[in-house]
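Using the sequences plus the hints, can you model the full thing?
Protein chains in written order, with the working numbering: chain A, 1 to 315; chain B, 1001 to 1295; chain C, 2001 to 2519.
These are computed hints drawn from the structure, not numbers from a lab. One or more of the hints may lead you astray.
The following residues of chain A were derived to be distant from chain C, with all beta-carbon distances above 10 Å [said to hold, decoys possible]:
#1 L10
#2 M38
#3 A39
#4 S177
FRET-style restraints, in silico, Cβ to Cβ [unchecked claim]:
#5 A1070(B) x L2455(C): 50 to 60 Å
#6 L2455(C) x V73(A): 55 to 65 Å
#7 E2360(C) x Q74(A): 15 to 25 Å
#8 L1029(B) x V111(A): 35 to 45 Å
#9 L2455(C) x R84(A): 32 to 42 Å
#10 L95(A) x N2357(C): 38 to 48 Å
#11 S210(A) x V1126(B): 36 to 46 Å
#12 Q74(A) x A2183(C): 27 to 37 Å
Values in this document were obtained by computation on a predicted structure and should not be read as measured data. Here a beta-carbon is modelled for each residue, glycine too, at the ideal position from N, C-alpha and C.
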Amino acid sequence: MLSYVGARLLQAVPVLFLSSVVVFLFIRLVPGDPAVTMAGPNATPDQVAALRRVYQLDRPLPVQYLTWLGRLVQGDLGVSYTTRRPVAALVAQRLPATLHLAVGTMLVMLVVGGPLGVVCAVRPRWAVSRAIAILNAVALATPTFWLGILLLLLFAVSLRWVPPSGFVSITEQPLESMRLLVLPCLTLGASGTAIVIRFMRASMSEVMHSDFIRTAHAKGLRESAIVTRHVLRVAALPVVTVLAVQFGYLLGGAVITEAVFGWPGVGRLTLDAIGNRDYLIVQAMMLFFVAVFIAVNVIADLCYAILDPRIRLAG
Amino acid sequence: MARPEPEAVGARRIAVFRHPAARITHAVLRDPGGRFGLVLVVTLIGLALSAARIAPFDPFTISADEPLSAPSRDHVFGTDELGRDVLSRTLFGARISLSVAVGSAGAALLMAVPLGLLAGYLGGPVDMVISRLLDTIFAFPAVLLGIGVVALLGTGVANVVVAVAIISVPTLGRLTRVSVLSQRNEEYVQAARALGASGTRVVTRHILQNVVPQLLVQTALVMADAVLLEAGFSFLGLGSRPPTPSWGTMLDSGRNFLSQAPWLGIFPGLAVTSTILGLNALGDALRAALSPRRE
Amino acid sequence: MRQAFETVELPLSRRRFLRAGLASLAAGSVWPGLPTRVRAAQGGALVATAPGDLQFDPFFAQTRAWIVQGQIFSALFDYQGKNPFAPSGQLAESWTETDKTLTVKLRKGVKFHNGRDFTSQDVVDNITRAKDKSIGHYLFDYFDPTVEGAEAVDRETVKIAYKQAYPLKLDDLTLLYIIPKEAMADVATKPVGTGPFKFVSYAPGDKLELQRFEQYWEKGKPRLDRVTVKIIADDQARIANLLGGSADFVDTVAPSDVVRLKTDKRVQVITPPPGGFWYTNVINTSHKPFENKLVRQALNWSVDRPKIAKLAYFNLAPATQSRYLPSAPWYNEAASTMYKFDLARAKALLAQAGLPNGFESSIMLGKLAGSKEMAQIWAQDLAQIGVKLSIIEKEESAFWDTYGKGEWDIVAFGLGDGRLDPASGINNSSPLRINNNRAKIESQPFFEEYKKLVLEGIGTTDMKARKRTYDRIQTIWAEESWTVNLAFWVIPVVISQRVKNYRHPVDQVPHFAGTELGA
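Encoded structure:
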């Protein structure tokens, strides 16, 4: 298993390097310039040139890249053009909000998706199961921002059950934090929950039709015991993988939900940085997302191996 | 905006049937979900194609007299902030959304299938390079990647197509590669090789044929994703150019009027949802039809 | 809808307009100027909102600094006086002005947030910083060409010498927010000023926390204990916060939202008087076929201003083809009524220009609310005379980049220049100024005369002569037609019902020093 992890990490190196070069060049190819953006529309060329010097954008691209890479290796991500704060501090500041959202959404997916998936698998002909299947399909087909806005209008503006947006750490004000988390987590979790239900149902019904479960039935075990003791353990495997991959997405892909709910997460940070052409933030964040993605995939594979001893990982 | 999971189909071995097309169609039609999806998708295509004939108004005509009027007998879906008929715009919007769906799926297939075939069939360093490339693209968050592409190329339907295509390449590419890998050592491939068939011939005539069904499933899902992504990009202000009535841009401008004129957002939103419902249902039915468990 | 401010020409609303409409301002806004009795500070925390990350160096006048400037910093002058259109003393107690000098007596007892006394040397230091090109801030273009130097006469008196007779001394100084020298290096992250609130913390993308500055010079102020600025990118989400009761102040509200919020009892809409800003389409005179003024005039005849004002800008302010309201002293009636909506006339002009079948062109849009609708309306009318106008939307950075490079045919703008004196208005509007003009008018036959007039207008203090000069300049604007003015632009602020005594200054910089919170 160690050799597997080692091999995967080795594979990650070219991916990380490639993506750092791609992002570096890509963001500079995009029309627009942080100096122009910061100097404002009336700026004279002199003023823009002065700012480019301040930002060290007047140096040749290879020099810029190597300087950045050299500092990156030492753990220095540079300073943001717009806010003049260290990029590392900006990212660190945004991570808690993203983690709150990701964990909250995972909980929604597990708590809602898991049991409903089991219901659908165990009693596929129940009306409830059919209703869940239909809701599922609708959830998968609804644009995230659309759902977010509708929830916002209904629960925050009309009914005023929860505040419309904002972020408070759960360690500071647990109740307020949860109130604020409800809508974004539901919005973000809708499609994820649907995916979990589908995987749960598919994987459970597959297991339930397998030979060893038939044997268990034949032995006269109660169905609830079969489901909880035998089926769930095996059927949970693919769901774990899905959850791990979803968690990876949640750490980077919640841009739209963050925009709707004013959530100060890393997706928003990256989106704003792309808008402001704050190159160093974009470079750092993209590298972060790629690293998270790789890590999550390795972890998913490891979970698989740990939960199912039949699987052996080979480099 | 979750991406479909490639592994769900990719790793499974597909039995070869004599008339796969006929068998699949039959299976899809037997499945209620499949029927539903097929009817929905065919209806949408029909509406899109005949939009010019059935739309009650010109979707572009601005009317200062009746902006933001509620649904009525004249304007069944109401009018937008420029007094344009929302029903007509939604019908014409189907063209844009379906073009984005078809265009981006097509472009993605054109890029992904050759890459996947090469990687899977040749293996070794080629596979290594292509796989790492696909991994790299796949590792970027989809929405941010798309935003980058649209920021680079500028707004407009064509560029949204490019962005969605690039996002979808890794999924399709990996799927192709995995399918090829599973086929490469099949007896029929070995046999063809033994009979002296060239590599290209083996790939195009034999392997590709057996990869197609799974690509079909995935393509339906990519198309559904494309419709969603187009709406998402438009929401972020990166969608089609006005006055082109895409559902995404209609949703985007409609949300400014949600409390005064909810019909501006509701109808294009329903259109998006039903399109994706249809495509997803069709994709699921296809997947089920292709699943070996059925036999 | 995206935030309106982003497409504004830079100094935007900082400049006032000499106009008679004082009463409309007083009627349209909550006026804290003359409270009947001074009440003790009643405390509380006000929650304002901003659409994007804030930056704290006030020398970089991006819109994202506005909400901060009036709270943390003060300038020598601002627009909070009894006459809202004229600069009034803030840190300046009194002043004397000659053609080329300004001597300011500073207010006593003013302290910086770090406890140090504010003195005349601080003004000198800030003028030095304003003239420092290496920082790359925008104030360089204001102060370097005009100010010769500043000296501290004594602890409370500063004398500023100008390179030429300059009528805009006070207006420029409203932009010079005073930073203590020792805090200049870190002002972007740890801002220190003399304003009513001091910086506590800032979490980028989340919120800024400000706290009452107990040693603020004005007795009894500020009344609030705290000000929080929440960063909420989405326009609708900001409004949702306001309506949901978790925010008190939203200042980037699209016209479409203003219309519905006006009837909402939960909030107060404060609409400034029109006249300071206007929507305009700027034509690139170096691009074919716009080097021909007949074509540009045809565009001015082809635009249906009332329709655009109604559908795109929701009639918040009147349509106009002049940058001045009829009540403004600079208003030139003949030049301001030269055009009306007449497609036949436009087509005839195109035929005269050798383009009887029209031509193809494009209009570039930024994030300015309403411009998408405006462009679609105009494009539809233009199509009737064979002109195919395609609409290109750009996100902010790309918009300014393309604009700066001149790679556009027509661009949709919200221009704002309300300075008392149109001279600076021309200098500070990139499509109107004579240096580095973004509409590329330098190669046009009228340019020499225009340049001479612009220099004349800024070089004399004889008001009658200047009125003649600006009449002629307005005639050139209208005849040469490189800007198609559409409607006046008002930028309302929406505040919650519990906010009392908030007055929105004409320069759009919020000041919460006198603001209170009711029940």
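Results of checking the hints against the structure:
| no. | hint | verdict |
| --- | --- | --- |
| 1 | L10 | 35 Å, holds |
| 2 | M38 | 6 Å, violated |
| 3 | A39 | 6 Å, violated |
| 4 | S177 | 13 Å, holds |
| 5 | A1070(B) x L2455(C): 50 to 60 Å | 57 Å, holds |
| 6 | L2455(C) x V73(A): 55 to 65 Å | 56 Å, holds |
| 7 | E2360(C) x Q74(A): 15 to 25 Å | 54 Å, violated |
| 8 | L1029(B) x V111(A): 35 to 45 Å | 37 Å, holds |
| 9 | L2455(C) x R84(A): 32 to 42 Å | 38 Å, holds |
| 10 | L95(A) x N2357(C): 38 to 48 Å | 59 Å, violated |
| 11 | S210(A) x V1126(B): 36 to 46 Å | 38 Å, holds |
| 12 | Q74(A) x A2183(C): 27 to 37 Å | 29 Å, holds |
Hint compliance for this structure: hints 2, 3, 7, 10 are not met, and every other hint is.
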